[in-house]
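Sequence lines, in order, name chains E and H. Per my numbering, the very first residue in the first sequence carries number 1; after that it's consecutive. Per my numbering, the very first residue in the second sequence carries number 1; after that it's consecutive.
Treat the hints with care, since some could be wrong.
Claimed, not checked - Sample of chain E residues facing chain H (criterion: CB under 8 Å; computed from the structure):
1. Ala27
2. Tyr32
3. Met44
4. Gly49
5. Thr50
6. Tyr52
7. Pro53
8. Arg57
9. Glu70
10. Ser72
11. Gly73
12. Gly74
13. Lys78
These are calculated hints, taken from the structure and not from any lab test. Each residue gets a CB set at the ideal place from its N, CA and C atoms; glycine is no exception.
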Amino acid sequence: MPCVDAAVTQMRKGLLEYCVMALLVSAPRYGYELVNQLAKVDGMLTTEGTIYPLLARLRRDRLVATEWRESSGGHPRKYYRLTIEGDQALASFRRQWATLRSAVDEILKGGKP
Amino acid sequence: MSGPHATQIIEGYVARLEAELAGLPADRRRELVQDVRDHIGESRAALEQESDADLHNIVDRLGEPAELAREAREREEVKRSNGQHWGWIEVAGIVLTILVWPAGAILVWLSRVWSRQEKLIGTLIGAVAFVIGFPLFGPLVGPTLGRLVQTLGGPTPLLIPTLGFFNVIGAIYLAFRLSRRETALSRVTV
Numbered sequence: 001m002p003c004v005d006a007a008v009t010q011m012r013k014g015l016l017e018y019c020v021m022a023l024l025v026s027a028p029r030y031g032y033e034l035v036n037q038l039a040k041v042d043g044m045l046t047t048e049g050t051i052y053p054l055l056a057r058l059r060r061d062r063l064v065a066t067e068w069r070e071s072s073g074g075h076p077r078k079y080y081r082l083t084i085e086g087d088q089a090l091a092s093f094r095r096q097w098a099t100l101r102s103a104v105d106e107i108l109k110g111g112k113p
Numbered sequence: 001m002s003g004p005h006a007t008q009i010i011e012g013y014v015a016r017l018e019a020e021l022a023g024l025p026a027d028r029r030r031e032l033v034q035d036v037r038d039h040i041g042e043s044r045a046a047l048e049q050e051s052d053a054d055l056h057n058i059v060d061r062l063g064e065p066a067e068l069a070r071e072a073r074e075r076e077e078v079k080r081s082n083g084q085h086w087g088w089i090e091v092a093g094i095v096l097t098i099l100v101w102p103a104g105a106i107l108v109w110l111s112r113v114w115s116r117q118e119k120l121i122g123t124l125i126g127a128v129a130f131v132i133g134f135p136l137f138g139p140l141v142g143p144t145l146g147r148l149v150q151t152l153g154g155p156t157p158l159l160i161p162t163l164g165f166f167n168v169i170g171a172i173y174l175a176f177r178l179s180r181r182e183t184a185l186s187r188v189t190v
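In isolation and in its complexed conformation, chain H is listed as follows (with noise of 0.2 Å):
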């Protein structure tokens, strides 16, 4: 007792939502595109009689695939400010990466503020300091703990200092991602 176009206009609304949803995490997508189908489901259970119309207002109802897009990545840009300022974690996080980097490194991942793809670049781009060259060490250590090294005739201190500044650029990376949340936060709650 369908609608004689039901396929045609639950499935044509479902292709304008995912295409709209491009750029949203697939997750989300997949969510999303879930629950619309099983209100959709629920809509027409309650149906006594279904009709091309009803499936119509049952779409129009839900809203345009386009607003529905909008209001998913909205709410995605609150939840990952959402009362997630930084603290005292954030700025040891940073400040321990460029100086001792596993350090930092442990910090940044039990802060709650960058997302975990954020936590994987910082930690990476801080890790090629670590697995390259010899080295805990980060420009300020570096040197001591470097000269140390190399009278146990460790590898040459030279390169020690010098990759610390992946750690550097680790540090920045992960501030210039807290400031953009930030600049998020400030815009959302306006």
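The following block holds chain E by itself, in its conformation from the complex (with noise of 0.2 Å):
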């Protein structure tokens, strides 16, 4: 079901800026450790360089900010932090999907034989 896979594709594309922005609520964090947590979640993200694309834009939309520090290994690191505007983003992504995600479930649970 080739128009399935493109749509779950699409929707998972969108859905992946928030899950990023989500993690770095708690703590900036560095493209590889996102890469880690990201990947402890299944399908989620499917190929891991990807994300580097998806940064580089939220930064652009200030939604994230970056910063090198340097690493234990004496390496320094691209870290990426939530801006102001990336947590209102996030606050808004978070009412919308709870809303969206009950809108649907509902109708699939109501659309079972």
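Make the complex out of the two chains shown on their own, each in a separate frame, by following the hints.
See the structure below:
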């Protein structure tokens, strides 16, 4: 069912942005760390590399900011942190997602034989 | 303790990525390639013993260079149009580019919708009229002020409305870019 697959891929892509932002709420993280966090949840990140164009875009939209920090190993790492705008965008997403999720669940449940 | 073909595997991957990224702005390409290199570096550091198979796994998990490039292009388009619908500044900028060029140009630069490149092109087209002819006058203001300029012994007024035409081209260009943006937005958000 290629049509369903494409729809799910698009959905996942859109949702991934907010998942990344949500992972940055507790602390700033570097790219590789984010990939590992997302990899723990099955089905969220299909190709690890695609997170980098996403992060770059979030930064250009000023939803996240970056900062280089020295790692314990002595090499610099690019850390991403949530900006105030990012925080607001995430808060608004959380509200809408809750509504949307229960709406879809409700309808899917009703359609079950 | 690198894998025997570490350089070959990694540089091969990066080279394919760079080739796929052709067409994207240079700074985007550089950033993505650097991010990918850093990711590979972190992945390798996490290994206890590195083999060629480990390295192949690392680059496989990153994804096909073509897929990364496609993602980068899509994200680039979303970014350009993201939430930046045109409003009164853009409309006033286009209208004033035709009527009173410098005021229009200022508004165009204040807008966050056009890219820097588009602003530059739009401004340069309008600037041709400004620099060559006298004037901050477009076709409407031109004839009036042109007559005034002539009575004061200035350049021939015929030149001025003609050059105002450049402002119209500049305005059409800016409006065209805006409409392209809207199309890109509706395509991406489908």
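Hint check results:
Because the closest C-beta pair between Ala27 (chain E) and chain H is about 17 Å apart, greater than 8 Å, the hint is violated. Given the 8 Å rule on beta carbons, the hint for Tyr32 (chain E) holds: about 4 Å separates it from the nearest Cβ of chain H. Taking 8 Å as the C-beta cut-off, the interface hint given for Met44 (chain E) is violated, the closest approach to chain H being about 14 Å. Given hint, Gly49 (chain E) at the interface with chain H, holds; its Cβ is 4 Å from that chain's nearest Cβ, closer than 8 Å.
The interface hint given for Thr50 (chain E) holds, since its Cβ lies 4 Å from the closest Cβ of chain H, which is under the 8 Å cut-off. For Tyr52 (chain E), the interface hint holds, the least distance from its beta-carbon to any beta-carbon of chain H being 4 Å, beneath 8 Å. Because the closest C-beta pair between Pro53 (chain E) and chain H is about 4 Å apart, less than 8 Å, the hint holds. Interface hint status for Arg57 (chain E): upheld, as the beta-carbon distance to the closest one in chain H is roughly 4 Å, under 8 Å.
Using the Cβ-Cβ criterion of 8 Å, the hint placing Glu70 (chain E) at the interface with chain H is not satisfied: the shortest such distance is roughly 14 Å. Because the beta carbon of Ser72 (chain E) sits about 11 Å from the nearest beta carbon in chain H, more than 8 Å, this interface hint is broken. This hint holds: Gly73 (chain E) has a C-beta 7 Å from the nearest C-beta of chain H, less than the 8 Å allowed. Interface hint status for Gly74 (chain E): violated, as the beta-carbon distance to the closest one in chain H is roughly 11 Å, over 8 Å.
For Lys78 (chain E), the shortest C-beta to C-beta distance to chain H is roughly 7 Å, which falls under 8 Å, so the interface hint holds.
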